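Participant: Modelling step: build the complete structure from the supplied sequences, incorporating the hints.
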Amino acid sequence: MKELKIERVPTTPFDGQKPGTSGLRKKVKIFQSPGYTENFVQATLTGALGDKVKGSTLVVGGDGRYFLRDSIQIIARIAAANGVSKLFIGQGGILSTPAVSCIIRKYKTTGGIICTASHNPGGPTEDFGIKYNIENGGPAPENVTSAIYKVTQTINEYYYCSNLDVDLDNLGEQSFKVDGHDFSIYIIDSVQDYLELMKEIFDFEALKSVVRPGGLKILINCLNGVTGPYAKRIFEVELGAPPSSVVNCVPLNDFGGHHPDPNLTYAKDLVDAMAKGEHGFGAAFDGDGDRNMILGQEAFFVTPNDSLAVLANNLECIPYFKRTGVKGFARSMPTAGALDRVARAKHQKCFETPTGWKFFGNLMDAGWISLCGEESFGTGSDHIREKDGIWAALAWLSVIKYTNKSVRLILMDHWRQYGRNFFTRYDYENCETEPANTMMNKLQELVDDPSTVGKSFTSGSKTYTVKIADNFRYCDPVDGSISENQGIRIIFTDDSRIIYRLSGTGSSGATIRVYIEGYENDSTTFGKDSQVISGDNLKTV
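Going letter by letter, the sequence shown gives residues 1 to 541 in full-length UniProt numbering.
Incorrect hints may have been included.
[Claimed, not checked] As a list, the in silico EDC-like pairs of lysine to aspartate or glutamate whose alpha-carbon atoms are at most 16 Å apart:
(1) Lys467 <-> Asp449
(2) Lys208 <-> Glu236
(3) Lys217 <-> Glu298
(4) Lys86 <-> Asp15
(5) Lys86 <-> Asp165
(6) Lys5 <-> Asp179
(7) Lys177 <-> Glu3
(8) Lys455 <-> Asp495
(9) Lys2 <-> Glu236
(10) Lys27 <-> Asp70
(11) Lys462 <-> Asp522
[Stated by the list, open to error] Label pairs and their calculated CB-CB ranges:
(12) Ser209 <-> Asp479: 38 to 48 Å
(13) Pro243 <-> Arg8: 52 to 62 Å
(14) Arg344 <-> Arg473: 15 to 25 Å
(15) Glu278 <-> Gly172: 19 to 29 Å
(16) Pro242 <-> Ile468: 45 to 55 Å
(17) Gly277 <-> Lys528: 14 to 24 Å
Calculated directly from the structure, the hints in this document are not laboratory data.
Computed from a prediction, not measured in an experiment: that's the story for all the values here.
A virtual CB, placed ideally from N, CA and C, is assigned to each residue, including glycine.
Facilitator: Okay, structure coming up:
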């Protein structure tokens, strides 16, 4: 057993280490600055755990992006020096974000540290990120991230074991003595625990009959992100889909030079392949495995809003929900209202929350919701406390099995029953912060003006009358916490909406998101395209 000594390393604070809804995201070069990662990891342990850090157990892993292995060594050295008892680390450092949540919950660990910038690009000049998940498996709530940030502003030393080197590649236990206390690292199979959970949720035998050779031809594109090993094992090995059903399945530290975001622009390879008509079902996942995109034959695009609503309408086909029952639904505020219509028809509660999975986690822990999602390609259930890309694909295959219909027919039938919520999103990234704030202030003045409500606007043959104009405010029904200024909303009497929001998931500058939604119950309109648009040039994604 290797003996380790604790070192107290003097340091000074770095500006801008405030974690957002998905942790701290910066360029790799910033994380590589001497002491930068060390400061933030120490602040995370101190701010999130305080006195509970001694004897704690943490899960550590990430999405394979550049600087992952180095960051895990730093995390292990600081964890050992702070009195952490055990670390569960994915083999090679690889753990998807849903898998981390699964493992935290399965082994009842104190929490976890995930090294990811999610759907942001990776590589030496691109993005890196670190976020903390609490003991329920979900992202740290605001009181925890605020505590972490407070420590980053005053930190003057961090604790370190410089002679600790973790073997990330060989499964098994590594034992150490750190100034007299025991410290263990367990390198675990990255896929196994998550696979076992999926087998508890879904009927794998039924799904085998769907994707077996000669059945529904599927194409799963992992975008060279973390889901590669999971998708290969689940779809090809366990379910028996033909070889080559899963592509781009080797996690690369720069995601093959591509943007690991599962949408119509960045997953263009999947879109082009599906457009040929040879495959009946396609899915893509982002860098850390929590986001998903679903396509039908001939690249029929299922918007995340519709995907969430369709799953809500068919949950009874999944064994997990037969056992647990359906408790309710939730969506983020910018997400279209298609889910609300299903909830009303099924007499279920439907909560509207700010953007950020931590808000769903509170509702799940209270036993109030079973299914939730965001328009930003995130769908999940109460099986964990993160959105889950592979889970969403398996859920869709379950619906296909249950209905015995194609993806396109499932959507067409759904729209005939509920109507269609057409949805478009415009993203403006790396904007100058000051003008972006000025714009939001002007919009605030608009919604504060009492005369805005009741105004009517005409576009083509339709007239829209403003019913609600506000800046979304959320009072958490579980803990009573208040989240202010979550997005400017203009809601019309027919439930069409325009929303403006500043996003916190970028690594630099300001990101402005504009969401436009229009509801139609005229079946002659259902075949029209619904676009999601990104960038200053309004390029379709």
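Participant: It remains to establish, for every hint, whether it holds in the given structure.
Facilitator: Hints versus structure:
Restraint check for Lys467 and Asp449: satisfied, since their Cα atoms lie roughly 13 Å apart, inside the 16 Å limit. Taking the CA atoms of Lys208 and Glu236, the gap is near 10 Å; set against the 16 Å cutoff, the hint holds. The suggested pairing of Lys217 with Glu298 holds, with an alpha-carbon distance near 12 Å, which does not exceed 16 Å. Between Lys86 and Asp15 the alpha-carbon distance is near 31 Å, which puts this suggested pair outside the 16 Å criterion.
Pair hint Lys86 plus Asp165 holds up; C-alpha atoms about 15 Å apart against a cutoff of 16 Å. Restraint check for Lys5 and Asp179: the C-alpha separation of about 6 Å stays at or below 16 Å, so the hint holds. For a cut-off of 16 Å, the pair hint linking Lys177 to Glu3 stands: about 5 Å separates their Cα positions. About 15 Å separates the Cα atoms of Lys455 and Asp495, which keeps this hinted pair within 16 Å; it holds.
For the suggested pair Lys2 and Glu236, the alpha carbons sit about 41 Å apart, so the restraint of at most 16 Å is broken. The suggested pairing of Lys27 with Asp70 holds, with an alpha-carbon distance near 15 Å, which does not exceed 16 Å. Restraint check for Lys462 and Asp522: satisfied, since their Cα atoms lie roughly 13 Å apart, inside the 16 Å limit. Remark: the range hint 38 to 48 Å for Ser209 to Asp479 is upheld by a beta-carbon distance near 44 Å.
Between Pro243 and Arg8 the beta carbons are some 54 Å apart, a value that agrees with the proposed interval 52 to 62 Å. Separated by about 23 Å at the C-beta atoms, Arg344 and Arg473 satisfy the suggested range of 15 to 25 Å. Separated by about 43 Å at the C-beta atoms, Glu278 and Gly172 break the suggested range of 19 to 29 Å. One distance hint, 45 to 55 Å for the beta-carbon pair Pro242 and Ile468, holds here, with the actual separation near 51 Å.
In this structure, Gly277 and Lys528 meet the distance hint of 14 to 24 Å, their C-beta atoms being roughly 21 Å apart.
Taken one by one, the earlier hints fail for this structure at numbers 4, 9, 15, listed in ascending order.
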